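Novice: Here are the chains, one letter per residue:
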Amino acid sequence: MSRPNPTLETTFCGIRCLNPFWLASAPPTNCGEQIMRAFDAGWGGAVWKTIGEPITNVSSRYSSIDWEGRRMMGFNNIELISDRPIEVNLQEIAEVKRRYPKHVVIASLMVESKRETWHDIVQRAEDTGADGLELNFGCPHGMSERGMGSAVGQVPEYCEQITGWVKEKARTPVIVKLTPNISDIRIPARAAKRGGADALSAINTINSITGIDLDTFQPSPNVDGKSSHGGYCGPAVKPIALNMVQQVQSDPASALPLSGIGGIGSWRDAAEFILLGCGTVQVCTAAMHYGYRIVEDMQDGLLGWMAEKGFSTLDDFRGLSLPNVVEWKQLNLNYQIVARIHEDLCIGCQLCYTACWDGAHQCIHLDRNLPVPDTTRTPSMVEANSARHISTTPIPKLDAGDLGRTNAVTPLERIPRVDEHHCVGCNLCSLVCPVENCISMERIDKDLPFESWEERTAKGVIPPGAREVMSTNT
Amino acid sequence: MSERVSFHQQIAIDSELANRFGDLHPPFDKQAAVTEANRCLYCFDAPCTVACPTHIDVPSFIKKITTGNLAGSARTILDANILGGSCARACPVDVLCEGACVMHRYNKQPIEIARLQRFAVDALHESGASLPFEPGADTGLSVALVGAGPASLACAAELRRRGIRATLYDARPLPGGLNTYGVAEYKLPLVESLREIEMLAQLGVDFNFETIVDFLKLAELEHNHDAIFLGIGLGAIHQLGIAGEQLPGVTNALDLIAAYKSGSLTTVPARVVVVGAGNTAIDAAIAAVRLGATDVHIVYRRGQEQMSAFTFEYEHAKSEGVKFLWHVQPTAIRGVQGVEGLELIRLVSSEDGSIVEESSSKFLLAADLVVLSIGQAAHASFLTEYGEGLSKIQLERGRILIDRTTGQTSSPKFFAGGDCTNGGREVVDAVADGKRAGIGIAAWLEARHV
Ligand SMILES: Cc1cc2nc3c(=O)[nH]c(=O)nc-3n(C[C@H](O)[C@H](O)[C@H](O)COP(=O)(O)O)c2cc1C
Ligand code: SF4
Ligand code: SF4
Ligand code: SF4
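Chains as they are written, first to last, in the working numbering: chain A, 1 to 474; chain B, 1001 to 1450.
Just so you know, these hints were derived from the structure itself, not from any lab. On a predicted model such as this, the values are computed, not experimentally measured, just so you know. Please note: incorrect hints may appear among the correct ones.
Said to hold, decoys possible - As a list, the in silico DSS-like pairs of lysine-lysine whose alpha-carbon atoms are at most 30 Å apart:
| id | chain 1 | residue 1 | chain 2 | residue 2 |
| --- | --- | --- | --- | --- |
| 1 | A | Lys238 | B | Lys1063 |
| 2 | B | Lys1187 | B | Lys1030 |
| 3 | A | Lys446 | A | Lys459 |
| 4 | B | Lys1108 | B | Lys1362 |
| 5 | B | Lys1187 | A | Lys226 |
| 6 | A | Lys446 | A | Lys329 |
To be verified - Now the in silico label distances, taken between C-beta atoms and shown as ranges:
| id | chain 1 | residue 1 | chain 2 | residue 2 | range |
| --- | --- | --- | --- | --- | --- |
| 7 | A | Glu420 | B | Glu1305 | 43 to 49 Å |
| 8 | B | Gly1235 | A | Pro373 | 32 to 38 Å |
| 9 | B | Ala1129 | A | Asp374 | 40 to 46 Å |
| 10 | B | Arg1448 | A | Thr376 | 51 to 57 Å |
| 11 | B | Asp1206 | A | Pro373 | 51 to 57 Å |
| 12 | B | Gly1235 | A | Arg71 | 46 to 52 Å |
Claimed, not checked - Residues from chain A that keep clear of chain B, each with C-beta distances beyond 12 Å, as calculated:
| id | residue |
| --- | --- |
| 13 | Arg70 |
| 14 | Glu116 |
| 15 | Arg171 |
| 16 | Ile187 |
| 17 | Asp224 |
| 18 | Val326 |
| 19 | Ile337 |
| 20 | Thr354 |
| 21 | Ala355 |
| 22 | Glu413 |
| 23 | Pro416 |
| 24 | Val424 |
| 25 | Val432 |
| 26 | Glu436 |
| 27 | Arg443 |
| 28 | Gly460 |
We treat Cβ as the ideally placed atom computed from N, Cα and C, and that holds for glycine.
With the sequences and hints as input, model every part of the structure.
Specialist: See below:
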């Protein structure tokens, strides 16, 4: 088989791109000097930090969530759009385009909700030679109080109207950036499409309060003792962003070329967004965290994966996962799996045991060394019993012939056992197990034909043979 | 009433000594501690807890470090092990909690339980908070504890928490027994041992120092108290029984360690030979290196496989430059005014498996100091010498026989624990014994007196 020689070159709503990795409109795209350095590092495009009437920012303005030693799992900001004069931004865009004609520069815009004001800014932005426009209808803080940003994005009529005004004037593609701070992302997406948008980008940041200082009782980021709700982004928001991308892409009334945004930090994340139909991806937090250099692995990793899978262009796999997301009522009720613990890998932490008892369906037991299985012992009974028999403990080296030092195999009584008849296949144990592949979820359904809730209710009966979830300990 | 001077303020810290005996395992800083604590899986019915002789709830105290609840973490530790700070430094964790950690089976480093434990207890000390326990309501009962080592201290803490008075008697000027005088300084500095014991004084434990408990004294204690706890440790270090043993320049490992820790010994001569290959012998040999000896040998009559020192102690000694001579037996100590050398003969196994001297294999190992570390006598003499009252206490091979769950001896009013009952083990075993005895005494007194 000849190895495909994949390329990352792509076209997004008519704009030619060296690669799909764009920097999102944010601090990494604040000025021309930065963006040129980013292009040198390998980024295919940049959405300029939103341009509008210059504002004054507060300090501080960022805060974040750390998770088990990892920094910035979730990132939050109360920053506004660009605080630099419009003319300076526009001059610099022109300069960047002159020096980097093959790289994509998108002007992100946000102005007062007046037709003439939009016409004016569109004209001036396009005169710089920018490749396209992104309308920032998402900024959740500060700008919305002035009737801009998410104040527009949350009202479909405004969304449609302003997109319309922009389209009256624009010669380059118009991308509408959606806010996630709305109950159904499809509503503003449809409005943007009706207004004539060429493409969408999603998501902007999610309303958030990252935390409260337990000594001062002040929220963060702290501005002289007070804070304000900010926009959440970074790794923590990726699942939310993926869901919204899927919703937009599987709705014919909203589907447009889509630039995926939200928690993208690696080629893997990017591949997932593309599998759900995105044409390009935008990155903010990861670039703020690690700098522009992360794009090197993004390109390299994605190309490697494409070669391995036999894809030569992004279009070869774009949207391939969309058909696999369906409504709950279309899922196969006859698919059954149960947990299996691989004794040779188990290290005996018993997290699966206590998780299934307290958090799932009480079907993991510690009775391997009992002559008769005892499925009624609860974790607290096990603990109480163990507390009794450890009241005097031998010292492994001195008392029990080096007992404590041979840790190669887990003692039988520490290896839990799954009662397969009661296991509902919820996955919990395999999710908590710290050892990779130690608990596998295995298919046990007996070749029953596919049947969904939709079908079952359409028939009006619950057919025999369908496996019902049993209550445990019966 | 004059202000009490706390134990650790009674000693002068010698900075030279502190330098030479710097921490074997440096403490964690906060970020590293939290990262390490987050590696812990929080096992159910955790094997590390089972393997700890005092059964500290390891996953719980580690979890509390991850959330910044350091006071709660220290409380969890001290609740199970009142000398948790000292044990964190002195425990052979590779064969205890960390040896049992499930992470071994995942081809990973075990969780550094001891360093985390030290982190939590040190944080409590640094915060200036007192022991997070209150003495119980006074029951009017009182117990005398003989010896102020870890077993008695742990026992006293349990008694005080149950409202029973605890009065300790020790021959030395400071409390702690081996914790204070016997554990190598780079593991457990003297000052740390004392700082921890200070907290027990706050719990209302009474201390009597430089008090020899002899026959009369013991009879008096028996008369004045409701129960007696014997935490008397071991007796004198064995002698070799060879010529020259009384020469100046012959000492034993425990005296050497106690002397440098308390500052009365600051240097040793160039050539030192340690006889014996247990953990104490290793501590003494390393101490000799750090006190300035250039040529330190350990001589042992059997082979490396039979030595009682833990493997990691052996490796540590080698890395400090200690040299080992196996299968040799001292036959005489040579010297005129003082030690000049140790005469050794090689041993070989004979046909029938017994060990015999190899003829004409005698040689002289030059030495300026000979340190004996060939085991300690049990305190049996202490008990038999005094006839009557104590003869009721049963012994077995010189050790006091106790019921392991309560510490009670065959004479109901007498309880015991630690080295005098187990022949010499780790600090943490003594603490566990003392703790069980404290609970046992309280239960026995309650059953009898209420
Ligand atoms: C500090 C900061 C400032 C931002 N400013 C803008 C902005 O001016 N215009 C805009 O459209 N989005 C702005 N965003 C949102 C990002 O473009 C992006 O949509 C969001 O951060 C999600 O992507 P990520 O998870 O890769 O960070 C900003 C984000 C951050 C963190
Ligand atoms: S969680 Fe995994 S490793 Fe732990 S006891 Fe269960 S199967 Fe074994
Ligand atoms: S899959 Fe769910 S129900 Fe089955 S054993 Fe695991 S945790 Fe229990
Ligand atoms: S065995 Fe190891 S991983 Fe499990 S609770 Fe103990 S220290 Fe944590």
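Novice: Each hint needs a verdict: does it hold in this structure or not?
Specialist: Status of the hints after comparison with the structure:
{"no.": "1", "hint": "Lys238/A to Lys1063/B", "result": "holds (28 Å)"}
{"no.": "2", "hint": "Lys1187/B to Lys1030/B", "result": "holds (21 Å)"}
{"no.": "3", "hint": "Lys446/A to Lys459/A", "result": "holds (22 Å)"}
{"no.": "4", "hint": "Lys1108/B to Lys1362/B", "result": "violated (48 Å)"}
{"no.": "5", "hint": "Lys1187/B to Lys226/A", "result": "violated (48 Å)"}
{"no.": "6", "hint": "Lys446/A to Lys329/A", "result": "holds (21 Å)"}
{"no.": "7", "hint": "Glu420/A to Glu1305/B: 43 to 49 Å", "result": "holds (48 Å)"}
{"no.": "8", "hint": "Gly1235/B to Pro373/A: 32 to 38 Å", "result": "violated (53 Å)"}
{"no.": "9", "hint": "Ala1129/B to Asp374/A: 40 to 46 Å", "result": "holds (44 Å)"}
{"no.": "10", "hint": "Arg1448/B to Thr376/A: 51 to 57 Å", "result": "violated (39 Å)"}
{"no.": "11", "hint": "Asp1206/B to Pro373/A: 51 to 57 Å", "result": "holds (55 Å)"}
{"no.": "12", "hint": "Gly1235/B to Arg71/A: 46 to 52 Å", "result": "violated (57 Å)"}
{"no.": "13", "hint": "Arg70", "result": "violated (9 Å)"}
{"no.": "14", "hint": "Glu116", "result": "holds (55 Å)"}
{"no.": "15", "hint": "Arg171", "result": "holds (54 Å)"}
{"no.": "16", "hint": "Ile187", "result": "holds (41 Å)"}
{"no.": "17", "hint": "Asp224", "result": "holds (26 Å)"}
{"no.": "18", "hint": "Val326", "result": "holds (36 Å)"}
{"no.": "19", "hint": "Ile337", "result": "holds (24 Å)"}
{"no.": "20", "hint": "Thr354", "result": "violated (4 Å)"}
{"no.": "21", "hint": "Ala355", "result": "violated (9 Å)"}
{"no.": "22", "hint": "Glu413", "result": "violated (10 Å)"}
{"no.": "23", "hint": "Pro416", "result": "violated (9 Å)"}
{"no.": "24", "hint": "Val424", "result": "holds (21 Å)"}
{"no.": "25", "hint": "Val432", "result": "violated (9 Å)"}
{"no.": "26", "hint": "Glu436", "result": "violated (9 Å)"}
{"no.": "27", "hint": "Arg443", "result": "holds (27 Å)"}
{"no.": "28", "hint": "Gly460", "result": "holds (46 Å)"}
Violated hints, in rising order: 4, 5, 8, 10, 12, 13, 20, 21, 22, 23, 25 and 26; the structure is consistent with all others.
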